[in-house]
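Q: The residues making up each chain are set out below.
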Amino acid sequence: MSDINSYRRKFLGGLAGTAAVATVAPGVFLREVQAKPAGEAVSEKVRWGMLIDINKLDDGGDACIEACKKEHGWGSDPKSNDAQQAQWIRKVKVTEKMTGHEVTLPVMCQHCETAPCVDVCPTGASMKRADGIVQVNKHICIGCRYCMMACPYKARSFVHETIVDQRPDTPRGKGTVESCNMCVNRVDEGKNPACVDAAPQAMLFGDLNDPDSKISQVLKKFGGTQIRADLGLNTGVRYWGI
Amino acid sequence: MFHKSIQSVFLISVMFLLGASLSACDSNSKPPELMKAVKQFESDEIRDGHIKNMRINHMDELLHKRDETVIKGIRTKDHSLKSCINCHVPDQHNGKVLRSSDPEHFCSTCHNFVAQKLDCFQCHVDHPNNSKVSKVAPSDATHSSVKFDAPSQKHLASTVAEAEIEIHNSPKQTIGEK
Chain A
-5 MSDINSYRRK FLGGLAGTAA VATVAPGVFL REVQAKPAGE AVSEKVRWGM LIDINKLDDG
55 GDACIEACKK EHGWGSDPKS NDAQQAQWIR KVKVTEKMTG HEVTLPVMCQ HCETAPCVDV
115 CPTGASMKRA DGIVQVNKHI CIGCRYCMMA CPYKARSFVH ETIVDQRPDT PRGKGTVESC
175 NMCVNRVDEG KNPACVDAAP QAMLFGDLND PDSKISQVLK KFGGTQIRAD LGLNTGVRYW
235 GI
Chain B
3 MFHKSIQSVF LISVMFLLGA SLSACDSNSK PPELMKAVKQ FESDEIRDGH IKNMRINHMD
63 ELLHKRDETV IKGIRTKDHS LKSCINCHVP DQHNGKVLRS SDPEHFCSTC HNFVAQKLDC
123 FQCHVDHPNN SKVSKVAPSD ATHSSVKFDA PSQKHLASTV AEAEIEIHNS PKQTIGEK
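Protein sequences, first through last, are from chains A and B.
Numbered per our numbering, the first sequence spans residues -5 to 236.
Numbered per our numbering, the second sequence spans residues 3 to 180.
To be clear, the hints were calculated from the coordinates, so they are not data collected in a lab.
Pair by pair, the computed Cβ-Cβ distance ranges are:
hint : chain 1 : residue 1 : chain 2 : residue 2 : range
1    : B       : S85       : A       : T108      : 33 to 39 Å
2    : A       : A144      : B       : L120      : 30 to 36 Å
3    : B       : D104      : A       : G169      : 21 to 27 Å
4    : A       : G226      : B       : Q42       : 52 to 58 Å
5    : A       : A29       : B       : H66       : 22 to 28 Å
Ideal Cβ placement from N, Cα and C applies to all residues, glycine included.
When you get a sec, could you build the whole thing from the sequences and use the hints?
A: Following this line, the structure appears as structure tokens:
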């Protein structure tokens, strides 16, 4: 097993103790997370991540979904039927068959470190920014929908109709694929993603590479579950309570 | 001989007609008048430089900027399509939202004139769309100022109390206890 694989396995297995955190970002100390200057390119020193405590989401994530719809303007495309509507974030109910125990969790793009959607994209439109945010570069997306097939989280949607009156920071157009982009426009300004602001009691956003960030500290202390951790994608979105 | 003279008369008249129609075209080919920008530059010199550069290079500037923004996250106002729209397209025109399908739209005026297809507005909004700015709770501009201590045990506790089952053997239920 290569060094990277063994490191990742440790990280994934929830064994991420001091050793893992120390390796995540060697040479990065006590850095305040703040807005980068607008003219500066995103850096791979940062890896944005999110932690969701589903037990503190009383509405199962409805507020987050509404905030996302408002921010990005999806979900009410007039000519699309229910199956065709875009879904950047959705509520998933999981029931354990034996006990009947149910949990509801919001699921969106998990911002994988090794994203399958990026692997399969024939044009490079499905991309990961240096700071770990996975998104679609719609300028070169040809709408082939390979990424929709590849995504294990069903996070991607296809726009089926001509769209007008888009949000200025979220261009959306017919024939392209789209998904949660962790509100890149807000993150670049130093703000939290819209869903995190809508449910601050249950969601935390921050830099996973910075050992001093709140999210790194609580993840180090309490761990965090990945959905389908077996796929080894090292997701940027972690959950508590599943 | 007679044939030849008819031919030459015909040719000359065709050429004359062609010339006349071309000159007519020429007189109509003045560029269309563009809608005045909402904001004005501080000096005429800056404005003229802007016009001179943009007439020739706007497509290259936008193409360059789009990759800078999407891939590198560089969001300066220079050559950002949003800034272009905010300045060149008014919020309302004659009481209506001005769309790229309208001939008065700043971009469409020229693009229609030169019969150049305009793709930007298939995805980007074609007018300043500030009226419906999202009303999400304002962020305090920091990524890590939220109070967030430990995984909530509420759910676990109630489950245990109701069902009176031992949860120690279930790895699913002990996630928060690490």
